[in-house]
Amino acid sequence: MSATSAPSTLPIVDIRHVSKSFGALKALNNVSMSMSLGEKVVIIGPSGSGKSTLLRSINKLETVDSGTIIVDGLDINAPATDINKLRMELGMVFQSFNLFPHKTVLENLTLAPMKLKGMSRAEADEMGLKLLDKVGIMEKAHVYPSKLSGGQQQRVAIARALAMSPKIMLFDEPTRALDPEMIGEVLDVMVTLAREGMTMAVVTHEMGFAREVADRVVFMDHGGIIEEGTPEHFFKSPEHDRTKLFLSQIL
Amino acid sequence: MSETRIIDVGEGAAIPSKTDWGLFNAWTISIVFAISTIFYLIVFEPAPYKRIILYLSDGVIITFEVTIISIICACIIGLITGLGRVSKNKAINLLASTYVEIIRGIPLLVQLFYIYYALGRLLNVHDLTAAVIAMSVCYGAYMGEVFRAGITAIDKGQSEAARSLGFNTKQTMFLVILPQAWRTILPPVGNEFIALLKDTSLVSILAVSDLLRRGREFSSETFLYFETFTMVALVYLVITLLLSKGVSLMEARLSHYVRH
Numbered sequence: 017m018s019a020t021s022a023p024s025t026l027p028i029v030d031i032r033h034v035s036k037s038f039g040a041l042k043a044l045n046n047v048s049m050s051m052s053l054g055e056k057v058v059i060i061g062p063s064g065s066g067k068s069t070l071l072r073s074i075n076k077l078e079t080v081d082s083g084t085i086i087v088d089g090l091d092i093n094a095p096a097t098d099i100n101k102l103r104m105e106l107g108m109v110f111q112s113f114n115l116f117p118h119k120t121v122l123e124n125l126t127l128a129p130m131k132l133k134g135m136s137r138a139e140a141d142e143m144g145l146k147l148l149d150k151v152g153i154m155e156k157a158h159v160y161p162s163k164l165s166g167g168q169q170q171r172v173a174i175a176r177a178l179a180m181s182p183k184i185m186l187f188d189e190p191t192r193a194l195d196p197e198m199i200g201e202v203l204d205v206m207v208t209l210a211r212e213g214m215t216m217a218v219v220t221h222e223m224g225f226a227r228e229v230a231d232r233v234v235f236m237d238h239g240g241i242i243e244e245g246t247p248e249h250f251f252k253s254p255e256h257d258r259t260k261l262f263l264s265q266i267l
Numbered sequence: 010m011s012e013t014r015i016i017d018v019g020e021g022a023a024i025p026s027k028t029d030w031g032l033f034n035a036w037t038i039s040i041v042f043a044i045s046t047i048f049y050l051i052v053f054e055p056a057p058y059k060r061i062i063l064y065l066s067d068g069v070i071i072t073f074e075v076t077i078i079s080i081i082c083a084c085i086i087g088l089i090t091g092l093g094r095v096s097k098n099k100a101i102n103l104l105a106s107t108y109v110e111i112i113r114g115i116p117l118l119v120q121l122f123y124i125y126y127a128l129g130r131l132l133n134v135h136d137l138t139a140a141v142i143a144m145s146v147c148y149g150a151y152m153g154e155v156f157r158a159g160i161t162a163i164d165k166g167q168s169e170a171a172r173s174l175g176f177n178t179k180q181t182m183f184l185v186i187l188p189q190a191w192r193t194i195l196p197p198v199g200n201e202f203i204a205l206l207k208d209t210s211l212v213s214i215l216a217v218s219d220l221l222r223r224g225r226e227f228s229s230e231t232f233l234y235f236e237t238f239t240m241v242a243l244v245y246l247v248i249t250l251l252l253s254k255g256v257s258l259m260e261a262r263l264s265h266y267v268r269h
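Protein chains in written order, with the working numbering: chain A, 17 to 267; chain B, 10 to 269.
Nothing false has been slipped in among the hints.
Calculated pairs, DSS-like style, for lysine-lysine (alpha carbon to alpha carbon, straight line, at most 30 Å):
hint, chain 1, residue 1, chain 2, residue 2
1, A, K183, B, K165
2, B, K97, A, K42
3, B, K97, A, K101
4, A, K131, B, K165
5, A, K183, B, K179
6, B, K165, A, K163
7, A, K131, A, K146
8, B, K97, A, K133
With the Cβ distance kept under 7 Å, some of the chain B side facing chain A (calculated, not the full set):
hint, residue
9, E169
10, A170
11, S173
12, L174
13, G175
14, N177
15, V185
16, P188
17, Q189
What the hints contain is simulated information worked out from the structure, not anything from laboratory work. All residues carry an ideal CB built from backbone N, CA and C; glycine is no exception.
Modelling step: build the complete structure from the supplied sequences, incorporating the hints.
Below is the structure:
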């Protein structure tokens, strides 16, 4: 996979010397990482290692204490940057789906394009149905999210993020809240997306997905990046002891 | 986590819903009892009761007026206060919190006297207007707390999802948070409506000719205390029961999206 979609060299996300504390806990400790357009980065690590915080700081759901984050050429923490506009370029998928329960599945997809991009209802509906078809649940377009299974809800959540035509997709443990039999259907959608060339940053424990899709695997522990590399390198010959320990526990 | 989901239901009549068997049937029994008693008395004992109900009818209209205008104003004040209470802007938050603390710390009757004499006498505001202002200011503070609780009860993931799509804080509040909050807010707000309706009887202390004051006027002229206040109580009961039914119907309509 990784060989077919060669990443371009232009960095679309550039994280430089970022630190963030929650009280006494140092969630991120001088972390630097960059992503190129089209690149798929999978971030793994034990819980509490700071990987979700790192991902959430890319679209400023977490504000970092120090360091800079440049997304698509804009410093996200600069006062002049319109963060709401920038977030339209950054699709995000959450562990807990976070669909809007008061809106139907289709309305979940069309709300943001209509309100933020001025799309007409007809245009938005057409695009929304196309996306639902893509994630394989077009027949559920007019039901409320509470009637869907977890796997279906997460696929809708992916479609909702895609409805804004983002340049980058951020996935924060998208399969963690799912029953095992539903993980596959969500990963399938993500693999398809990766094959289409979407730039993706994925926090996950799904090592199979990392092996198949990632251009680069980043291992985090205690708020820092311990090791990163291609999946072949990472899974076959990890250099760092902590990486080896983590892999031995999880594989 | 679970703490924020608790909504203070406050005082006020219970709102009947079909899922609460006892209350639903108690509501039916009460309304049938109240209406049939009123009709029985008017038809079979018209001598005092027909006169009483005709005399009270002006008061019923005033009570309705005060209740409905106060409910609308209190809702608007309550929404603004609730938004202020969850605002990240410290000055706005402090202002809203101080308003709630002061109002909740003073009895409604004292507030009524205060606004009536301060505004009514000094600024020459009409009696009815002063009463409505006092009711609205007081219940606005209570409703502000209900709105705040309803807003904070919505999962944080909802606002994160909205913000991640590019919505600003205002859009997030009005498109995503508040439409969901109505559902949790409505039962306690309904309780406030009913409490407000009953508390309008306090304005009879001022020179406002509401239902209770008309009753007091009639009884002091005719000395028919028992008959008059029986009728006053029954009329209040009917209005309160109808309002609580209205709230429960609204609730049923709003809960459509969580039904399985």
